[in-house]
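Undergrad: Using the hints provided, position chain B relative to the given structure of chain A.
Letter by letter, the chains look like this.
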Amino acid sequence: MSHCQQRCKRQLGRVIRFFYQFVTGTLSQDSVEDEFELSTICHRPEGLEQLQEQTKFTRKELQVLYRGFKNECPSGIVNEENFKQIYSQFFPQGDSSTYATFLFNAFDTDHDGSVSFEDFVSGLSTILRGTIDDRLNWAFNLYDLNKDGCITKEEMLDIMKSIYDMMGKYTYPAMREEAPREHVENFFQKMDRNKDGVVTIEEFLESCQKDENIMRSMQLFDSVI
Amino acid sequence: MAAGVAAWLPFARAAAIGWMPVANCPMPLAPTEKNKRQDELIILNVSGRRFQTWRTTLERYPDTLLGSTEKEFFFNEDTKEYFFDRDPEVFRCILNFYRTGKLHYPRYECISAYDEELAFYGILPEIIGDCCYEEYKDRKRENAERLMDDNDSENNQEGSMPSLSFRQTMWRAFENPHTSTLALVFYYVTGFFIAVSVITNVVETVPCGTVPGNKELPCGERYAVAFFCLDTACVMIFTVEYLLRLFAAPSRYRFIRSVMSIIDVVAIMPYYIGLVMTNNEDVSGAFVTLRVFRVFRIFKFSRHSQGLRILGYTLKSCASELGFLLFSLTMAIIIFATVMFYAEKGSSASKFTSIPASFWYTIVTMTTLGYGDMVPKTIAGKIFGSICSLSGVLVIALPVPVIVSNFSRIYHQNQRADKRRAQKKARLARIRVAKTGSSNAYLHSKRNGLLNEALELTGSTEDEQHMNKGTSLIESQHHHLLHCLEKTTNHEFIDEQLFEQNCMESSMQNYPSSRSPSLSSHHGLTTSCCSRRNKKTTHLPNSSVPATRLRSMQELSTIHIQCSEQPSLTTSRSSLNMKSDDGLRPNCKTAQITTAIISIPTPPALTPEGESRPPPSSPGHATNIPTTTTSNIVKVSAL
Chain A
1 MSHCQQRCKR
11 QLGRVIRFFY
21 QFVTGTLSQD
31 SVEDEFELST
41 ICHRPEGLEQ
51 LQEQTKFTRK
61 ELQVLYRGFK
71 NECPSGIVNE
81 ENFKQIYSQF
91 FPQGDSSTYA
101 TFLFNAFDTD
111 HDGSVSFEDF
121 VSGLSTILRG
131 TIDDRLNWAF
141 NLYDLNKDGC
151 ITKEEMLDIM
161 KSIYDMMGKY
171 TYPAMREEAP
181 REHVENFFQK
191 MDRNKDGVVT
201 IEEFLESCQK
211 DENIMRSMQL
221 FDSVI
Chain B
1 MAAGVAAWLP
11 FARAAAIGWM
21 PVANCPMPLA
31 PTEKNKRQDE
41 LIILNVSGRR
51 FQTWRTTLER
61 YPDTLLGSTE
71 KEFFFNEDTK
81 EYFFDRDPEV
91 FRCILNFYRT
101 GKLHYPRYEC
111 ISAYDEELAF
121 YGILPEIIGD
131 CCYEEYKDRK
141 RENAERLMDD
151 NDSENNQEGS
161 MPSLSFRQTM
171 WRAFENPHTS
181 TLALVFYYVT
191 GFFIAVSVIT
201 NVVETVPCGT
211 VPGNKELPCG
221 ERYAVAFFCL
231 DTACVMIFTV
241 EYLLRLFAAP
251 SRYRFIRSVM
261 SIIDVVAIMP
271 YYIGLVMTNN
281 EDVSGAFVTL
291 RVFRVFRIFK
301 FSRHSQGLRI
311 LGYTLKSCAS
321 ELGFLLFSLT
331 MAIIIFATVM
341 FYAEKGSSAS
351 KFTSIPASFW
361 YTIVTMTTLG
371 YGDMVPKTIA
381 GKIFGSICSL
391 SGVLVIALPV
401 PVIVSNFSRI
411 YHQNQRADKR
421 RAQKKARLAR
431 IRVAKTGSSN
441 AYLHSKRNGL
451 LNEALELTGS
461 TEDEQHMNKG
471 TSLIESQHHH
481 LLHCLEKTTN
491 HEFIDEQLFE
501 QNCMESSMQN
511 YPSSRSPSLS
521 SHHGLTTSCC
531 SRRNKKTTHL
541 PNSSVPATRL
551 RSMQELSTIH
561 IQCSEQPSLT
571 TSRSSLNMKS
581 DDGLRPNCKT
591 AQITTAIISI
601 PTPPALTPEG
611 ESRPPPSSPG
621 HATNIPTTTT
631 SNIVKVSAL
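From first to last, the protein sequence lines are chains A and B.
Numbering-wise (this note's numbering), the first sequence opens with residue 1 and increments by one.
Numbering-wise (this note's numbering), the second sequence opens with residue 1 and increments by one.
One or more hints might be untrue.
Said to hold, decoys possible - Listing some non-contacts, in silico: residues in chain B with all C-beta distances to chain A over 12 Å:
#: 1; residue: 39
#: 2; residue: 99
#: 3; residue: 148
#: 4; residue: 193
#: 5; residue: 505
Stated by the list, open to error - Lysine-lysine pairs mimicking DSSO-like chemistry, simulated, CA-CA at most 30 Å apart:
#: 6; chain 1: A; residue 1: 70; chain 2: B; residue 2: 102
#: 7; chain 1: B; residue 1: 140; chain 2: B; residue 2: 316
#: 8; chain 1: B; residue 1: 102; chain 2: B; residue 2: 80
#: 9; chain 1: A; residue 1: 195; chain 2: A; residue 2: 210
#: 10; chain 1: A; residue 1: 190; chain 2: A; residue 2: 210
#: 11; chain 1: A; residue 1: 70; chain 2: B; residue 2: 71
#: 12; chain 1: A; residue 1: 70; chain 2: A; residue 2: 56
#: 13; chain 1: B; residue 1: 102; chain 2: A; residue 2: 60
#: 14; chain 1: A; residue 1: 84; chain 2: A; residue 2: 210
#: 15; chain 1: B; residue 1: 102; chain 2: A; residue 2: 84
#: 16; chain 1: A; residue 1: 195; chain 2: A; residue 2: 84
#: 17; chain 1: A; residue 1: 169; chain 2: A; residue 2: 210
#: 18; chain 1: A; residue 1: 153; chain 2: A; residue 2: 210
#: 19; chain 1: B; residue 1: 80; chain 2: A; residue 2: 60
#: 20; chain 1: B; residue 1: 102; chain 2: B; residue 2: 140
#: 21; chain 1: B; residue 1: 137; chain 2: B; residue 2: 316
#: 22; chain 1: B; residue 1: 316; chain 2: A; residue 2: 60
#: 23; chain 1: A; residue 1: 147; chain 2: A; residue 2: 195
No lab work stands behind these hints: they were computed from the structure.
Here a beta-carbon is modelled for each residue, glycine too, at the ideal position from N, C-alpha and C.
With the rest of the complex left out, here is chain A (with noise of 0.2 Å):
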């Protein structure tokens, strides 16, 4: 009951304020100056010597990834929005929005819901740079949703789910239902060493490491840059 109260005081104050700002002719008061506070915030990276410490970047490789981060993020960091934005314009006949949250989360390691350039920076140098281990590690945590150590078939199924959905619809073979599920099986049968229903990272490591193919793969990074 107090509860109902409450909501029509708010409700009458409300309404007692439309009048008066009706009266006196006030009534439109542009909410613009909130939309300002987001844009107004700007982040400076660390400075490129601490960067170069911190990653296994080059100067002027550093210089060629801030030019093309800041082209496309003025204000210094990345929001969820805007990452996805940019990662779909790469993958225009299907739907990447679902992957790229799950990038997002993975490079958002202080996890405050923005991707600063040291983050991007740190993210990439271990996927370009690092050892096949890290990257490994990388990629685990990547599958790793709710990061408490172990992918479950779930969270498998999640992310093969999203990235079937950067196919798009226009497939061949044409797209089933059953795919994404089916992969899922086979990768836990594959990976799933104890048979327990979850992958941890010492299994993930293990199974990996005996695949040729995925070792192959993985020296793929070493010259994107």
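TA: Just chain B now, kept in the frame of chain A:
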């Protein structure tokens, strides 16, 4: 993929790490960069202003000039920069497009200049960003309308009139009374009679003195015969006019359906119906009503008045606003009439007997007329009455500015169109002067050139040097070019007076038979020149495409002298415009052209040179040198 995010491609490729462990098949090989160039700064020198950017920035859009290898054509080896001889202001926008991925349209820039720059750099205007696209499209449409307008008027006024049939001339006379004096006379006569008819209708009803018996008679009944004669005369004129228009109309069906003809018919119908029905007393009441339609004759004035037509057009184009006004008024009237009726129901002897009766009060109040024949007496009635009048002001005031602004825009557009047409005439006149000036320069130098050849052969060098002083290298090259063309086509350039002289000569001799021996062998000269005598432009014999192109090239080359350092690309592109009027580049002021022209010495001074002329050195051509008595131009023709 939007090239703006090309910088993020390495990130996207890195993000693919998530797919690797789950993939069942091996990944394809990565492409290798064969010549992995380090990103370098390149300098773009645009008319002296240097812009610098990364090479990769430009390579984002590989299908444009700057992004492809096409820019290598503009590379300057000495200064190791890319030099573009274009507008640096617009280039700023273009470069920003590469940098930000968004193309903006600067509002101060001329739309056609901007379009040209975009075309040069290979950028489609469609990618202009949303912020500027509307403005761009509006300006473009305005410009196109203006050009179309000018074209139309040009076609209408300066279009050549091969023999129009009698019917067509009559239609033209009706539509545009300024074409001939007869049309003008007709125009004024009909205007006068419309005025007479309208005044007659008005005066007919004025009470005009008394008749014995103390009865006031309107003039119409007192001088019935006179008014009837006047009316008959007017209707005769209108009928004749209508029938003539009907005859002359190119599409009779469309004419009959047009508004003006309906007004005409409605204006004269009452008279004829009256003639038919005078005897029948029963329908005389209806007949009297029909006379009301005579007032429609006043609408015939709209043929004579541009302003009236504009007003009508405005009302038509504001139909939606008017409709809205009407609808909202109707709503308000019904609401307030209902309210007033029920409010006043209680009071005694109230004039608000029913809701429709209250409509009158509502309308009078809302339009703030306030006659006072119906007033509310109860307090509630008065309150609602005041609310009614206040809201009436609001409702009526809302759509009116829209209509007014529409009218003003259309009216000013019309004024501007007329002004432009007048200005255009003056402009064309000035351009024509410049053209004759430039062609005369060529002819003059040709004379000198022939003299040169004569002197060469006779071997006196000093005179030759004296002659050569006046011409620059560019001019001489240009003239050489024109000379080559003359040789190619076996025709020659002559000036206007000479041409008309030839025309008259030929018409005197053998019209329209074969060529006369006294003229150079120009095919079809006789027929073509004489039929075009009415046209006041400089026509070269056998005026066809090559001649006009030549003329435009003449102008262009002359302009080339003034506005130097234009790349050859522009002159060649402009020369694609075959129309002589458009041959001028708009950014070269016409004033500059005249100063470059060598002043033409008075003809008599050069008479001696025209006479003697040895056969030219071109082999294989037997030359014919007809010289007319009054001209100094030597015509060389090959048989």
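Undergrad: Please go over all the hints and tell whether each is borne out by the structure.
TA: Results for each hint:
At roughly 6 Å from the closest C-beta of chain A, the C-beta of residue 39(B) falls inside 12 Å, breaking its exclusion from the interface. With a minimum CB-CB distance of about 8 Å to chain A, residue 99(B) fails to clear the 12 Å threshold, and the non-interface call is violated. With 12 Å as the threshold on Cβ separation, the claim that residue 148(B) sits away from chain A holds: the shortest Cβ distance comes to roughly 39 Å. Every C-beta of chain A lies more than 12 Å from that of residue 193(B), the closest at about 59 Å, which supports listing it as non-interface.
Every beta carbon of chain A lies more than 12 Å from that of residue 505(B), the smallest distance being close to 74 Å; the non-interface claim holds. A threshold of 30 Å between alpha carbons decides the hint, and for residue 70(A) with residue 102(B) the separation of about 16 Å falls inside it, so the pair holds. Between residue 140(B) and residue 316(B), the direct Cα distance comes to roughly 25 Å. Compliance with the 30 Å bound is thereby established for this hinted pair. This hinted pair checks out: residue 102(B) and residue 80(B) have alpha carbons roughly 29 Å apart, not beyond 30 Å.
Restraint check for residue 195(A) and residue 210(A): satisfied, since their Cα atoms lie roughly 18 Å apart, inside the 30 Å limit. Of the supplied pair hints, the one linking residue 190(A) and residue 210(A) holds, its CA atoms being roughly 10 Å apart against a limit of 30 Å. Only pairs whose Cα atoms come within 30 Å are accepted, and residue 70(A) paired with residue 71(B) is accepted, the gap being roughly 27 Å. Restraint check for residue 70(A) and residue 56(A): satisfied, since their Cα atoms lie roughly 20 Å apart, inside the 30 Å limit.
At most 30 Å may separate the alpha-carbon atoms for a hinted pair to count; residue 102(B) and residue 60(A) meet this at roughly 27 Å. Annotation: proposed proximity of residue 84(A) to residue 210(A) is violated, straight-line Cα distance about 34 Å (limit 30 Å). A C-alpha spacing of about 20 Å is found between residue 102(B) and residue 84(A), which places the hinted pair at or below 30 Å, so the restraint holds. Distance hint between residue 195(A) and residue 84(A) is unfulfilled; the C-alpha atoms sit about 35 Å from each other, more than 30 Å.
In summary, the hint linking residue 169(A) to residue 210(A) is not supported, as the alpha carbons are separated by about 34 Å, beyond the 30 Å threshold. Proposed proximity of residue 153(A) and residue 210(A) is supported: the alpha carbons are some 21 Å apart, at most 30 Å. Between residue 80(B) and residue 60(A) the CA atoms are separated by roughly 23 Å; this keeps the pair inside 30 Å, and the hint holds. The suggested pairing of residue 102(B) with residue 140(B) holds, with an alpha-carbon distance near 19 Å, which does not exceed 30 Å.
Taken as a hint, the residue 137(B) and residue 316(B) pair is honoured in the structure, with Cα atoms around 25 Å apart against an allowance of 30 Å. As the CA atoms of residue 316(B) and residue 60(A) are separated by approximately 67 Å, the hinted pair breaks the 30 Å bound. Restraint check: the Cα-Cα separation between residue 147(A) and residue 195(A) comes to about 20 Å, which is no more than 30 Å; the hinted pair holds.
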